[in-house]
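Visitor: As given, the protein sequences belong to chains A and B, one line each in that order.
The C-terminal position of the first sequence is numbered 257 in the numbering used here, with every residue numbered one higher than the one before it.
The C-terminal position of the second sequence is numbered 253 in the numbering used here, with every residue numbered one higher than the one before it.
Calculated directly from the structure, the hints in this document are not laboratory data.
Hints are supplied without guarantee of correctness; some may be wrong.
Computed beta-carbon distance windows for the label pairs [stated by the list, open to error]:
#	chain 1	residue 1	chain 2	residue 2	range
1	A	K111	B	V222	35 to 41 Å
2	B	G236	A	E96	39 to 45 Å
3	A	S34	B	G236	46 to 52 Å
List time: in silico PhoX-like cross-link candidates among lysine-lysine, alpha-carbon distance up to 25 Å [as the list claims (entries may be wrong)]:
#	chain 1	residue 1	chain 2	residue 2
4	B	K85	A	K111
5	B	K110	A	K147
6	B	K110	A	K229
7	B	K110	A	K227
8	B	K110	A	K250
9	A	K147	B	K107
Here a beta-carbon is modelled for each residue, glycine too, at the ideal position from N, C-alpha and C.
Given next are the chains, with one letter for each unit.
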Amino acid sequence: MKLSGIQPIQEGKVNLNEQEVWIDGNSYRNKELSFDIPITGTIYGTLLNYRNAYTQLKEAMYQEPYQAPPQAPVLYIKPQNTLIAAGSLIPIPEEEQELDMGAALGVVIGKTASKIDEFHALDFVEGYTIVNDVSIPHDSVYRPPVKEKARDGFCPVGPWIMSKTAVHNPNELEIRVLVNGELRQKSNTNQLIRSVEKLLADITEFMTLAKGDVLLVGVPENPPRVKAKDHIHIEIDQIGVLENTIATEKASVGGRL
Amino acid sequence: MKHARVAYDGLIQEATVNGDGVQLLDGRLVTEDEVVWLPPVQPNTIFALGLNYADHAKELSFSAVQEEPLVFFKGPNTLIGHKGKTVRPNDVTFMHYECELAVVLGKQGKHIQQAEAYDYVRGYTVANDYAIRDYLENYYRPNLRVKNRDGCTPIGPWLVDKEDVHDPMNLTLRTYINGKKTQDGTTADMLLSIPQLIEYLSSFMTLYPGDIILTGTPKGSVDTVVGDEVVTEIEGVGRLVNTVVGEEVLQNS
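Kindly produce the complete structure, drawing on both the sequences and the hints.
Guide: Okay, here's the thing in structure tokens:
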């Protein structure tokens, strides 16, 4: 984990049930710690990798402008201006009323991965984190979603990287999204069309993933739609909880709760 | 001044380039052939423009009138320096170059007005944003399999300070394959000018030093094959050389 005000990455032990973190033999409550962005590389997102999300678009895939279902993984980049830490404020642009919360499992790459095969794919993984792929709601997926997905603060990530040895099977993780304490979405990575391993193999066939890069394996269908002041809680089994609050753009530069 | 990043004698270092050669910052003066040329900038966010020249859009059968500029991002894995080698997969039928003026930003800004846009520019370099059209699909198009491949965006040889480029909106761009001219255009034909692009992008996201904007290519993109030497050249900025190689170079011999 990366703690605010400390340059090196810290190792700690996490007790998810008790919301407790152990660092160097000392125990802290999660809320006592100020988490910084735990990753250093490029964030790549994957579209249409949940069965139901794919099904929702399936009919349109045979029509203009799509013409045919996608063959390769459909990817996009969340640039550096989008990254914010757990606990930071997510800015809602002045002209928008609502945002979509894309709860995503982030696979953190541990060593350079180029043309790797599915069976060894997890050897290249350092661990997993939680990512909120924030979007301005949009229907068309024909053009790259720059204006919709690349706004400042549109990619909360954290609170930490859970080492892969602590995660039994990345393709069997339940993801829950609570907004203001109310359960708004429940999904599971067992609904991925391409498994984590298959996705890594298919992507590194044509582009190298470097140590520190993060691959979002997909965003489940019907992302919760939220508005200013909403509190967002994304929980992934065996990994942890990522919490952020929506705020106006002006209020949110480097802002904390 | 021309600023480069090169590898020489086992060290990556910054250098300036002048009529005498490559001046390493450690004091040594060497020739252009003695160094390994690296991308002149370690990038922050890399933006690329699609269809930013009306004649190229027409060539690809697109209407020049779009609701929004076509912008996409590229990862740092795509960049490769001057005199580098770019792989053409063995199974493809159409891989074309795109000679583009690359704008390197030097200052942070949001909601930048056109009139102040050049204050945020550090300088310019040449990019060749190869595309492999066989892999084009209609989802988040141009998709990453077309545009985010390792080493498919040669850039360089150097960065030229903006003070040394009199009018970036009036520069000749030319591409040569094996010495034969195949592309001839001018940045005057961009649909959205550099100040317009900076105003547009910064209207919804913060731009940072080290961000690079690839401003699009004019018409004249033709297929390149293994063995081709592709030279993309922009008047007053630089002449970027790249060689197309087959996948065999990635395999053990």
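Visitor: Work down the list of hints and note, for each, if the structure agrees.
Guide: Each hint, compared with the structure:
no., hint, in the structure
1, K111/A / V222/B: 35 to 41 Å, "holds, 39 Å"
2, G236/B / E96/A: 39 to 45 Å, "holds, 42 Å"
3, S34/A / G236/B: 46 to 52 Å, "holds, 49 Å"
4, K85/B / K111/A, "holds, 24 Å"
5, K110/B / K147/A, "holds, 14 Å"
6, K110/B / K229/A, "holds, 24 Å"
7, K110/B / K227/A, "holds, 23 Å"
8, K110/B / K250/A, "holds, 12 Å"
9, K147/A / K107/B, "holds, 21 Å"
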